[in-house]
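K.L.:
The residues making up each chain are set out below.
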Amino acid sequence: MLSAAVAINENTLDKLNNPAKALGFFEHMLKSSKAKKIEILVFPGLFGGLWQDGRDFLRAVSEISKAYKGIYLCPGSFWERDGDKLYHSSCILSEGETILWQRQLYLSKWERLKGVSRGDELNIVTIGSSKLGIIMPTDAFYPQVSRRLALMGVDIVAAPTAIVNSKGSLLQMSGVWQNVQQNLFYAVESSLKGALGGSVFYGISAIHAPLEATEDSTGYLALEKEQEEGLVIAELDLRKRLEAAERFNTLKHMNMEFCSCVFSGDKLQGGGQ
Amino acid sequence: MYKLLETYFWYKLKPSKINKYLKKERRLIAAGDKRSELPKVACVQRSIKPAGSIEDYIDMIDGFAAEAYRNGCDLLIFPEYNFFDLLGIIPGFRAIDKLLNKSAIKSSKKADGNSSNKSMYQLFFAIADPIHRAMEQIMCSVASKYGIIIYTGTYLIKEGNKLYNAGALISREGAVLGHQKKINLTDFESKLGFGRVSELKAFDTDIGRLAVPVCMDATYYETFKRAAALGCDIVVLPIANNEEYNVYRAMRGIWARVQESYVIGAKAALTGWIAGMHFTGKAGIFAPIAMSDKGDGIIAISMESEGDELAMAELDISKLKRHREEAEYYGDANEIFELSYHIVQGKQ
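For the record, the sequence lines run as chains S and D. In terms of the numbering used here, the first sequence is residues 1 to 273. In terms of the numbering used here, the second sequence is residues 1001 to 1348.
Treat the hints with care, since some could be wrong.
Straight-line C-alpha distance at most 20 Å; calculated EDC-like pairs for lysine to aspartate or glutamate [claimed, not checked]:
(1) S/252 / D/1187
(2) S/114 / D/1326
(3) D/1049 / D/1244
(4) S/114 / D/1332
(5) S/167 / D/1293
(6) S/109 / D/1328
(7) S/252 / D/1199
(8) S/109 / D/1335
(9) S/114 / D/1328
(10) D/1098 / D/1243
(11) D/1191 / S/246
(12) S/109 / D/1325
(13) S/109 / D/1332
(14) S/85 / D/1332
(15) S/21 / S/63
(16) S/114 / D/1325
So these bits of chain S aren't anywhere near chain D, every CB distance computed over 12 Å [as the list claims (entries may be wrong)]:
(17) 19
(18) 31
(19) 64
(20) 67
(21) 95
(22) 99
(23) 125
(24) 126
(25) 196
(26) 197
(27) 225
Calculated directly from the structure, the hints in this document are not laboratory data. Using N, Cα and C, we set each Cβ at its ideal position, and we do this for glycine too.
Looking at chain S on its own, in the form it has when it is part of the complex (with noise of 0.2 Å):
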């Protein structure tokens, strides 16, 4: 599948400063992934920041693409209220309709400061003979989500991310990149770049294979050109994704029986010498 992350430059967002400007990159960058033939695209984590309600984001997103026929679209993240409670939740429409949609599971300092609610649920949607799912920012960081979508046989994932103070070391790295390496599935990431909501985000778009599957053995089958707005695009090819699966086989030898009971508090396996 021809799947496309879009990246953006830290002065992006502040171009995009009222929901009708961000609303015509986002059908720009539909147009873009059309004519190119894409069929996964992937919009930046929190990127329905920039609406105040995340339901107005999602009705504007909707619409446009109802036009935009056999692309499997994530819009990024966004806020989504529910009673009292505050989620940051994402999804996967297709011509309009939304056919998976996910809630954040952990939670970063900042969210907790800012009183965001946690979800319980990890989903995932069959489209075509690929499973999808999606890594919500902060859940990058925490590996038991990605290890639950590899065993639940997810083969690609969506990843919007945004993540703070990352500028200039190699905390992204530790987030999507290395889950998939773990656990040997596609992921197409875009991530968020610029100042929203008093933090500053920082991060790189890309699209994730397992090193096997790249063909420098760096685990990136297409990275964003530093500064550049647009379509970071890569094949996903499950064949070749199988094929570096036998050649390195993480899952497959994985001490289930130790593994799975990495949080059953006293039924964990070990102790003091």
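The hints should help you fit chain D onto chain S, whose structure is shown.
P.N.:
Okay, now just chain D, sitting in the frame of chain S:
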């Protein structure tokens, strides 16, 4: 033939012979640097050198320990398959080894160790006990000589019909504190028929609480999460990677695990050639990114991916604990999700 080989190894690695040489080795050496308040760790990176005798092997181990002692280290870590050099004791092995390595280099086709699983297993099975006993004798003596804690690196432990890839932690006084067997095996080890365990132990020492999983165990986040849950601040990892060095490949192991679990990781690496197999890897000490000056999560790392070197660093556990408290992406819990986690994963 294998019974004969076992007898030969018992003879060549005779405790009295080892003891005699170890006593001779107990000469005075220059005192180590004045220690700072912080514990210091040394991770061995070394090339395999098939030994002509047990004395050669003792000299090699003692050399690394002396270097660590001179640098004021408290903990010395040896790599996975730290016994491979002792295969050199097998009559004719060194000549065959040279031939196999030369041929592998020339053809650029490395052995993957999969070609003769049964005979390799039988060979290891025959020599496991004498090597196990000899290595612990040597390591205990060297630890007490220099007053440093030693992780032995791994060797094979025979239990019933099974072989386990395992190592031991030795106290400064030269006592075996305990063993840790490998939890997750490589493809090669699975095919050989090695056993595995489902238990991670924690060891209390005067520099902190340690876990000592083995190589492939660092491919899985669960190992380090478990270590952290057991209260370990330091995770020791011996490796022996039968592949060409690649920085990205290296980063999917202990580096990534340290970032997720907010512990300090100390890795020792076996490198070089044996029986046509090529091992590469860098010894290093890793910490959460925020603790490292360059924002790369590396406290110390060896210069090259092959050869003899010690990667050394002081471990600031108080600083680690401060960073845990301040971390943006660490320390959250989701009870509902985690409650069902075990059930879903167990079904797979």
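K.L.:
Are the hints correct? Go through all of them and say.
P.N.:
Cross-check of the supplied hints:
no. : hint            : verdict
1   : S/252 / D/1187  : 9 Å, holds
2   : S/114 / D/1326  : 16 Å, holds
3   : D/1049 / D/1244 : 19 Å, holds
4   : S/114 / D/1332  : 14 Å, holds
5   : S/167 / D/1293  : 14 Å, holds
6   : S/109 / D/1328  : 5 Å, holds
7   : S/252 / D/1199  : 19 Å, holds
8   : S/109 / D/1335  : 17 Å, holds
9   : S/114 / D/1328  : 13 Å, holds
10  : D/1098 / D/1243 : 19 Å, holds
11  : D/1191 / S/246  : 14 Å, holds
12  : S/109 / D/1325  : 10 Å, holds
13  : S/109 / D/1332  : 8 Å, holds
14  : S/85 / D/1332   : 18 Å, holds
15  : S/21 / S/63     : 16 Å, holds
16  : S/114 / D/1325  : 18 Å, holds
17  : 19              : 28 Å, holds
18  : 31              : 35 Å, holds
19  : 64              : 32 Å, holds
20  : 67              : 36 Å, holds
21  : 95              : 31 Å, holds
22  : 99              : 21 Å, holds
23  : 125             : 17 Å, holds
24  : 126             : 17 Å, holds
25  : 196             : 15 Å, holds
26  : 197             : 15 Å, holds
27  : 225             : 20 Å, holds
This entry satisfies every hint, going by the numbered hints stated previously.
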